[in-house]
Amino acid sequence: MAKSNTKHHSTVGRREFMKMLGVGAGAVGLGATGMGAFASDGFKDLDEMMASPLAERKLPFWVKEVDEPTVKIDWDNMQVFEGPEKTLFNPASWENPQDYFEIYNRNIASTKKNVQDNVPGLSLKDRALADANCWGWGGRSGASLAAPWDGAHVQANPQWEHPTMYYTPEQYGVPKYKGTPEENARMLRTAGRIMGAADMGFVKLDDRTKKLLWGKIKFENVEKGYADPAKNKFVLPDKDLWAICSVIPQSLWMQQYTERMSWASSNTMSYSRANIYGNRISVFLRGLGYQAYGGDTEAVGRLVGFGVMSGMGEYGRAGILVSPQWGTNIRTVLVTITDLPLAVTKPINAGITKFCEACKKCGEMCPSGAISLEDKPFWGGQAACQAEGIKGWYMDSKKCYSYMLGGEPDCSRCQTVCPFTKFDEAVLHDLIRLSIGSAPMLNSAIRKMDDIFGYGEEPDLKKTPWDLDPMDIPLYGLDNSRS
Amino acid sequence: MRLVSWIWFWYILVGFLMGGGAVMIWHYLKKASLKLVWFEWILTILIFITFMFLGQTFIASFQEYEPKAAWMTVAFMGIPIMIMSVLLYRSINKRFNNFKEADNS
Chain E
1 MAKSNTKHHS TVGRREFMKM LGVGAGAVGL GATGMGAFAS DGFKDLDEMM
51 ASPLAERKLP FWVKEVDEPT VKIDWDNMQV FEGPEKTLFN PASWENPQDY
101 FEIYNRNIAS TKKNVQDNVP GLSLKDRALA DANCWGWGGR SGASLAAPWD
151 GAHVQANPQW EHPTMYYTPE QYGVPKYKGT PEENARMLRT AGRIMGAADM
201 GFVKLDDRTK KLLWGKIKFE NVEKGYADPA KNKFVLPDKD LWAICSVIPQ
251 SLWMQQYTER MSWASSNTMS YSRANIYGNR ISVFLRGLGY QAYGGDTEAV
301 GRLVGFGVMS GMGEYGRAGI LVSPQWGTNI RTVLVTITDL PLAVTKPINA
351 GITKFCEACK KCGEMCPSGA ISLEDKPFWG GQAACQAEGI KGWYMDSKKC
401 YSYMLGGEPD CSRCQTVCPF TKFDEAVLHD LIRLSIGSAP MLNSAIRKMD
451 DIFGYGEEPD LKKTPWDLDP MDIPLYGLDN SRS
Chain F
484 MRLVSWIWFW YILVGFLMGG GAVMIWHYLK KASLKLVWFE WILTILIFIT
534 FMFLGQTFIA SFQEYEPKAA WMTVAFMGIP IMIMSVLLYR SINKRFNNFK
584 EADNS
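Listed in order, the protein sequences are those of chains E and F.
Residues 1 to 483 (my numbering) are what the first sequence spells out, left to right.
Residues 484 to 588 (my numbering) are what the second sequence spells out, left to right.
These are calculated hints, taken from the structure and not from any lab test.
As the structure is a computational prediction, the values presented were derived from the model and not from experiment.
Heads up, the beta-carbon is just placed ideally off N, CA and C, and yes, glycines get one too.
There may be inaccurate statements among the hints.
Claimed, not checked - Distance windows between CB atoms, simulated:
1) Ile495/F - Tyr104/E: 52 to 60 Å
2) Ile528/F - Leu468/E: 53 to 61 Å
3) Ile495/F - Gly381/E: 56 to 64 Å
4) Gly437/E - Pro563/F: 20 to 28 Å
5) Ile562/F - Gly437/E: 50 to 58 Å
6) Ile566/F - Lys398/E: 51 to 59 Å
7) Ile495/F - Leu122/E: 50 to 58 Å
8) Ile532/F - Thr268/E: 53 to 61 Å
9) Trp466/E - Lys513/F: 53 to 61 Å
10) Glu357/E - Pro563/F: 43 to 51 Å
11) Ile194/E - Lys513/F: 52 to 60 Å
12) Ile562/F - Glu357/E: 45 to 53 Å
Model the full structure from these sequences, guided by the hints.
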């Protein structure tokens, strides 16, 4: 056997070591300057980047890279495995398929018993959450990525189905989940965070809030809603219903790069996450024994309206939702309609709409001039794609879309420059938000300071994520500071 | 970027510097047999709080990929810290000089 050639990789380079040895307050300043210099490092092209040490996979200093794995492998005598159909999940791969079904049925029996006995961690809501996360992505089980109107169609498939796959309370032999509206709301918020919602609010559908639904959605005296997409007909049952409003954040980390990268790799990526989340929450609700309507991001109605009414944010100058925590850096409020009774969440006042009066930064920075620069909100709805009945500022969608989709740039300037769109590392931001919520006379000064401090400046075109250590990139591009 | 990964180190360093500074000041005051009057205590506490706030904002701004904000914070908070420090130094030093003159006579 060849002598193992060990190579130690350490994340503590000379530079880091010197930083660690730095003495005195000057080290802080020098280190920060060093970081600034590092951040400005760039490569001329992809080849140069690939040739750089940064392209290597960096391992923690206690991990050695070796020529042979620590498990012994006899490559000469190693048997090639036929494929996944030969795994034990396929009854046909068992010598006696009956053995598989015995185990399968035992698993189903114990799963049912645990649900029936309401065992913590294995109860109906736990199974529903597991099914939602396990099968909510759609795919081979029959659901497409974008869920249909009446929820993800995850079908049982005895041949391939793992026993934990999607079930309804009837299949477990238990009644549907029962809880107070407050308990249901809390449960849903917990499940939502696990499934991918940054925040969640609930709106009861009444004569007012039904106006936020698309006009094509009708109510009929039926037990269950249905859809006939060919006729553009979408029907909800005429009974007590609630709108679950789930905030799907996008990558603020990606917004430090060019508009194109931010738009294509942050904003649009969030739609796919939103649709997967839409499937998950549908499976979850149906697993509890309740109905779910909506599916994808465009299925239900006016998302900013539902976001405002559920307290997920306030109506901002750009005509988009501004959240106290995420600013405008949210891709969508994914709305799912359900008959699970929920305690409603109220609209909020964090001084955001008031701040928009003084700020105008999104309007001034908008390259297409689509965002209103009026001081005060006004009754509008005169231009295309605007709805009457809202006293706010109006975005000229035609100007926005002509610029954003009609040429090279793509755009998310209004989101990037918004003073509420910030990471949440510095304590200073909380003090600013406190001031905005309680002392609006300082709003103009805060806007000026936002400019002076360099927030929302146009990104350097030379700066790209390709020259970073991949392990320094937050997973999915989602930063930890605001989650 | 590793500055961000080693962020705990900077906070420990700042902690050591603050602790070391406090011990040095305490020794200096003890050696000079000086006691701070009430407004000097207020100034000391204000300088400490502002300095800690400056340090947190400075480091956090780099974590937020906002180097300009980091340096602007130094400019905006550093000036009041310097003014307060000069006032504190002049106040203490004046009494210290009086103490030395009295001691020499």
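query: Should the hint that Ile495/F and Tyr104/E are 52 to 60 Å apart at their CB atoms be regarded as holding?
result: holds, 55 Å
Cβ separation of Ile562/F and Gly437/E, checked against the hinted range 50 to 58 Å: violated, 27 Å
- prompt: In this structure, is the beta-carbon distance linking Ile495/F and Gly381/E contained in 56 to 64 Å?
  reply: holds, 57 Å
message: Quick check: does the Cβ-Cβ distance between Ile562/F and Glu357/E fall within 45 to 53 Å?
response: Distance hint for Ile562/F, Glu357/E is violated at roughly 31 Å.
- prompt: Has the hinted range 53 to 61 Å been met by the Cβ atoms of Ile528/F and Leu468/E?
  reply: violated, 41 Å
- request: Take a look at whether the Cβ-Cβ distance between Ile194/E and Lys513/F falls inside 52 to 60 Å.
  value: Holds: the Cβ-Cβ distance is about 57 Å, inside 52 to 60 Å.
message: A range of 53 to 61 Å was offered for this pair. Does it hold for the Cβ distance of Ile532/F and Thr268/E?
response: violated, 44 Å
message: For the hint 53 to 61 Å, verify it against the beta carbon of Trp466/E and that of Lys513/F.
response: holds, 57 Å
Supplied distance hint 50 to 58 Å, evaluated on CB atoms of Ile495/F and Leu122/E: violated, 44 Å
Hint check for Pro563/F and Glu357/E - Cβ pair distance inside 43 to 51 Å: violated, 30 Å
- request: Go ahead and decide if the range 20 to 28 Å is satisfied by the Cβ distance of Gly437/E to Pro563/F.
  value: At roughly 25 Å between Cβ atoms, Pro563/F and Gly437/E fall inside 20 to 28 Å, so the hint holds.
query: Should the hint that Ile566/F and Lys398/E are 51 to 59 Å apart at their CB atoms be regarded as holding?
result: holds, 53 Å
The structure shown violates the earlier hints numbered 2, 5, 7, 8, 10 and 12.
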